[in-house]
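Number of protein chains: 4
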Amino acid sequence: MGEIDLSKYQTRTDLVVDLINDDFKLENRRSYKGITISNISLDEENAKKLNKSVGDYTTIYFDDITDNTNYYNVLRILTLEMRKMLKNSNILDNYSCMIIGLGNEKSTADSLGVITAKKVIVTKHIYDLTGSLEKGYRITTCLIPGVMGTTGIETSDIISSVVNKTKPDFIIVIDALASGSVDRLLKTIQITNTGINPGSGIGNNRKEISENIFKVPVIAIGVPTVVEATTIVNDTLNYMKKLFSYSIKNKSKTIDKLIPSNHINYLKNNNYTLSKEESSYFLGVLGNLTDNEKKILIKDVLTPIGYNLVVTTKEIDFITLKLTNLIAEAINKSIHNISTKNI
Amino acid sequence: MGEIDLSKYQTRTDLVVDLINDDFKLENRRSYKGITISNISLDEENAKKLNKSVGDYTTIYFDDITDNTNYYNVLRILTLEMRKMLKNSNILDNYSCMIIGLGNEKSTADSLGVITAKKVIVTKHIYDLTGSLEKGYRITTCLIPGVMGTTGIETSDIISSVVNKTKPDFIIVIDALASGSVDRLLKTIQITNTGINPGSGIGNNRKEISENIFKVPVIAIGVPTVVEATTIVNDTLNYMKKLFSYSIKNKSKTIDKLIPSNHINYLKNNNYTLSKEESSYFLGVLGNLTDNEKKILIKDVLTPIGYNLVVTTKEIDFITLKLTNLIAEAINKSIHNISTKNI
Amino acid sequence: MGEIDLSKYQTRTDLVVDLINDDFKLENRRSYKGITISNISLDEENAKKLNKSVGDYTTIYFDDITDNTNYYNVLRILTLEMRKMLKNSNILDNYSCMIIGLGNEKSTADSLGVITAKKVIVTKHIYDLTGSLEKGYRITTCLIPGVMGTTGIETSDIISSVVNKTKPDFIIVIDALASGSVDRLLKTIQITNTGINPGSGIGNNRKEISENIFKVPVIAIGVPTVVEATTIVNDTLNYMKKLFSYSIKNKSKTIDKLIPSNHINYLKNNNYTLSKEESSYFLGVLGNLTDNEKKILIKDVLTPIGYNLVVTTKEIDFITLKLTNLIAEAINKSIHNISTKNI
Amino acid sequence: MGEIDLSKYQTRTDLVVDLINDDFKLENRRSYKGITISNISLDEENAKKLNKSVGDYTTIYFDDITDNTNYYNVLRILTLEMRKMLKNSNILDNYSCMIIGLGNEKSTADSLGVITAKKVIVTKHIYDLTGSLEKGYRITTCLIPGVMGTTGIETSDIISSVVNKTKPDFIIVIDALASGSVDRLLKTIQITNTGINPGSGIGNNRKEISENIFKVPVIAIGVPTVVEATTIVNDTLNYMKKLFSYSIKNKSKTIDKLIPSNHINYLKNNNYTLSKEESSYFLGVLGNLTDNEKKILIKDVLTPIGYNLVVTTKEIDFITLKLTNLIAEAINKSIHNISTKNI
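Chains as they are written, first to last, in numbering that gives the first Met the number 0: chain A, 0 to 342; chain B, 0 to 342; chain C, 0 to 342; chain D, 0 to 342.
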């Protein structure tokens, strides 16, 4: 094993929640009807530790968005959390807004930002024409800059030139993200006032889109739509340890033997861990590597043969359709002061 | 009739050829395998007369683009004429190019510019990354600014800000146009180095996109995709006169009576005109109105009841598919110095 | 004029209302919030006269379907009329239904049937799996047979073979139609229990899809999406006569001279007709042709030169999107006994 | 470990090559410009062993289909292998063909069959109309039956009813498949004259589509577009063993230490295996499980927590576009005797 370089492996993730430990003091986590809401505020010290930007991060976890009731519960929560984020970022009711949809519509896994942006309400052209808007509406524009592979232009150059020309008071940018764990794939929405940072998104070379650059608040909304094969394998090995632990601890319980293994959800119980010896017995040297070491090893296995695929689930088309409706509606309801009967 | 205001009616057309008389001295017109090529150069005097901009206009007419042989003939001619236009506009081989696709992809009749732009080759991102391009390729970018109804932003503002930022040496802009006569609908391509002028395009409020504004040459490529109901009616009344004239002149020719009327192409013969009395007999007062007066009358009939529809043919989806392939390929072959075996 | 054959011209229309005179005794016509509903029942005698099938025809006219309030009013009326049609056709609550979407999705003007069918609720697979359905739901299937140009198979052969295999108790078939007058284009929905008849639809060669063939009730829902150039010209000439009549009758009214002509809606007033002499004066021989003769003449003018285009409005993409939502929702609400809060 | 049921695990794969050992005597395997072609003929005995149908299986492996040269090499090979398959299946030049595209166009991973079918040439309607076809063309139809979730009808019922009505002499069916190993994902085309068998395809409940059912030859063309998470994890553990073995065997070679591990392709060398003791050392109990046992274990870990995802790569949209062009062109060139300059 000595031949393998175990220097720091950078997990590919755009979610802050992937980086903090569950008992991290900064996280305020609560649940509502099976939906979990996490609020994290990173000060300079903590931001540096996590290699993230200073600011607020809200993360909403949910299960099946194709269920109607659940859809409306998530919509309600997202709208409320968006409003809080706008308020915390000192965005006033009369501030004009530019909504930016990042990504490539032709690639399902990278299309979420563009499709969402196509569904938001824009109003600036009406304001420019008539000099006023219906009560409750904010001056809003929408920009879909495309991707460098089809425009030949650095995306941030398109954005900065249009922002400088039209001078919105704040920006909302929507993008597809990479997930650092299997269980968040298409089941998480992250909102942050830190904008989009270098290397974010599922495309490789995103440049920073943030208040630093544009001098106006930038709220970023992201959903993880892809995960690396390395992550799937590492997660599975960790789940495997939990199942081994569960099996050992429940060996003698007759009742448990009657439950088919595919009905046991061992995941929720944090007590299922293995001793060093147990890990060695079940998984050899592999069993006692740190998470970081395991990921480096798996990446070292998959990369040279070209199989560290970035993957997504087969259902992505249907879920993206629902998610883009949901996020667009939440944006409309949080930036404009309009009919909120469902909220 | 006196009640109807017969002041100058502005035919809705973006084609210069709709405005000049067939014997106009400025037009250089030739044919090749059933395809007609017209070159017009407007100096200040003539431009003023026609209310058009000073510059070169090349118009290519063709019939069925869905026929493969015809497709390649039109492609060949369009490529050659594009190259001439670039040369006449003093565009050098090392000039960088921005291709702009105007219009709304969601509206078939307005989608031609956007769909074409999505099919062109872009290279600037490769040049920026590697510092060079394969031999024959020009630095090229592509911009699809969208329409005001979905962006909330004046389209020319998006274009000018990105042009100012990326500083291309010349611009090619592609747009769907309105036709001033039924017979040009989806059967004409106009190239001009005067750019896009106010009121052009099938959207209502296009602003100028031209060398005046951007200080670099702007080549505009347009195809008429729509026509006003007024134009259809006026054209039909004129065809009717020709048919009446034909009928009178061929009354006694036995041979002609044997030809079913739906096989007579009376249109090509310019000798078929009616005398003032004949016009009165067949069409009453209507028969002796000028073209301009007839159009005003028809518009006056259709507008108050909301039926001066802007229409397009049922086949537009299939023809647009072919035309966008053809124009994109002609652009690629004329701006880059690449494989031209078909040319 | 004698040279032109004035034998019976067959107006291209699929709407029964285009064929009957406004004072026709069989029509029951009423209005609700600007929407007109016409019910016609043709017995054998009247059906023969109009060259149509024996049965019930309901026609709903409306204006701007993109207006939200109007959308819901039309939806409400369509749902109620659909329910009446099902009841009149003796379709019981436990009858199974097959919904068939005709046309070609790739051609906007011909896509209405296919797009609508993709939006209806199907249930048979759930019934087959579980042996029951949620209360209120009917056993429903959906078939999109495609068009002969892309399947190579006669569409009615695909339908009949699947109908014979799956044996639905009744059929709903949705199709785009040709309009016999400009004012009905995309502003009319026709429902009939006579099914689809030869020559219907905007494709040329539709075969009969009716109870005669399938031995179960066939409800056809159609929307006119195209109109022939001939129709536009003929309609305009008729409107022209009305405007001439209006102008004559209001010559001396000072008040009227103050109203700009584009604000006069002369169309609604049926009193505006011209005498034979007035017609001759304004429109010559053309002015005193019957409608039928005029149409033959116009067709004779346009056909040999290839300009009798079948056209549609520039806005078809947006209106089709709305109409397919509306019709699909009305079908779901009328065949299933589900949430009808909007009804 | 005893608690985990290690009874036979059924790998989810539709590829025969996933089931045979590399040294299997029935396989005829050769390579051409980096493309591998495998021909397998299963007699009754071998078919039973593998739980597959009696017949011929041709499998083509390739790498980057987005490379133009490679695209044409694969096209050439696929066309030639298709022609061999037609010949081996005794399909004569005058046999009529029905092409069936299975799957759901709305789900990228399941859309390959439908999109391919939309690109094939159909001719039967021309033959029916004119009584003949251009030289070289076969009577061909195309059917896209949809999926049960949107039709409510068992797909095989739609197919059988249309087949019985139109009576093609043979059938070509195209479908997206599940892969039994990561390295075949979107890089393999399987052709077989055994048709589609129960449980095939990426949808769950496909019924048999074969000569047994339809009494005419059925050629199935499939491409694996998805893979289970279980497969990714199991493949990775096997690759890991190879890398461990490689590392041990090359420990002392100085030259090797200079090669970064991400440039070593250890996969191609079949000599890299671990002893029982080495496996235990590196991977514990897990290291000495059989492939089958490992898969059961992984599935047992992932299934109860809902993470045995069926996944696909992020690039699927672009590769599917290329593959559907390639397969449609190969079908056109192999069933019709038309221009084959590229072959």
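Hints listed in this document are in silico derivations from the structure and should not be mistaken for laboratory results. Careful: at least some of the hints might be erroneous.
Which copy is meant is left open, so a pair is good if it fits within one copy or across any two.
Unchecked claim - No more than 20 Å apart at the CA atoms, straight line, and that leaves these computed lysine to aspartate or glutamate pairs for EDC-like: (1) Lys118 / Glu153; (2) Lys51 / Glu207; (3) Lys117 / Asp316; (4) Lys32 / Glu210; (5) Lys164 / Glu207; (6) Lys118 / Asp316; (7) Lys24 / Glu104; (8) Lys134 / Asp66; (9) Lys105 / Asp66; (10) Lys118 / Glu104; (11) Lys321 / Glu292; (12) Lys240 / Glu26; (13) Lys240 / Asp127; (14) Lys117 / Asp55; (15) Lys206 / Asp127.
Right, here's what the structure says about each hint:
Taking CA atoms no more than 20 Å apart as the test, Lys118 paired with Glu153 passes between copies only; the shortest distance there is 19 Å, against 24 Å inside one copy. For the identical chains of this complex, Lys51 and Glu207 are intra-copy neighbours only, at 12 Å inside a copy versus 45 Å across copies, given an alpha-carbon limit of 20 Å. Proximity of Lys117 to Asp316 under the C-alpha cut-off of 20 Å is found in both arrangements, the shortest distances being 16 Å within a copy and 16 Å between copies. When the C-alpha separation of Lys32 and Glu210 is checked against a cutoff of 20 Å, the pair qualifies neither within a copy, at 34 Å, nor between copies, at 51 Å.
For a Cα distance limit of 20 Å, the shortest separation of Lys164 from Glu207 qualifies both inside one copy, at 19 Å, and across copies, at 17 Å. When the C-alpha separation of Lys118 and Asp316 is checked against a cutoff of 20 Å, the pair qualifies both within a copy, at 16 Å, and between copies, at 17 Å. Proximity of Lys24 to Glu104 under the C-alpha cut-off of 20 Å is found in neither arrangement, the shortest distances being 39 Å within a copy and 47 Å between copies. Proximity of Lys134 and Asp66 under a CA criterion of 20 Å is satisfied inter-copy only: 19 Å between copies versus 33 Å inside one chain copy.
Taking the closest pair of Cα atoms, Lys105 and Asp66 come within 20 Å of each other only across two copies (19 Å); inside a single copy the shortest separation is 26 Å, beyond that limit. Proximity of Lys118 and Glu104 under a CA criterion of 20 Å is satisfied in both settings, with 13 Å inside one chain copy and 15 Å between copies. Proximity of Lys321 to Glu292 under the C-alpha cut-off of 20 Å is found in neither arrangement, the shortest distances being 37 Å within a copy and 38 Å between copies. Proximity of Lys240 to Glu26 under the C-alpha cut-off of 20 Å is found in neither arrangement, the shortest distances being 26 Å within a copy and 40 Å between copies.
For the homomeric pair Lys240 and Asp127, neither the shortest alpha-carbon distance inside one copy (61 Å) nor that between copies (42 Å) is at most 20 Å. Taking the closest pair of Cα atoms, Lys117 and Asp55 never come within 20 Å of each other, the shortest separation being 26 Å inside a single copy and 38 Å across copies. Proximity of Lys206 and Asp127 under a CA criterion of 20 Å is satisfied inter-copy only: 15 Å between copies versus 31 Å inside one chain copy.
Violation of the numbered hints given earlier is confined to hints 4, 7, 11, 12, 13 and 14; the remaining hints are satisfied by the structure.
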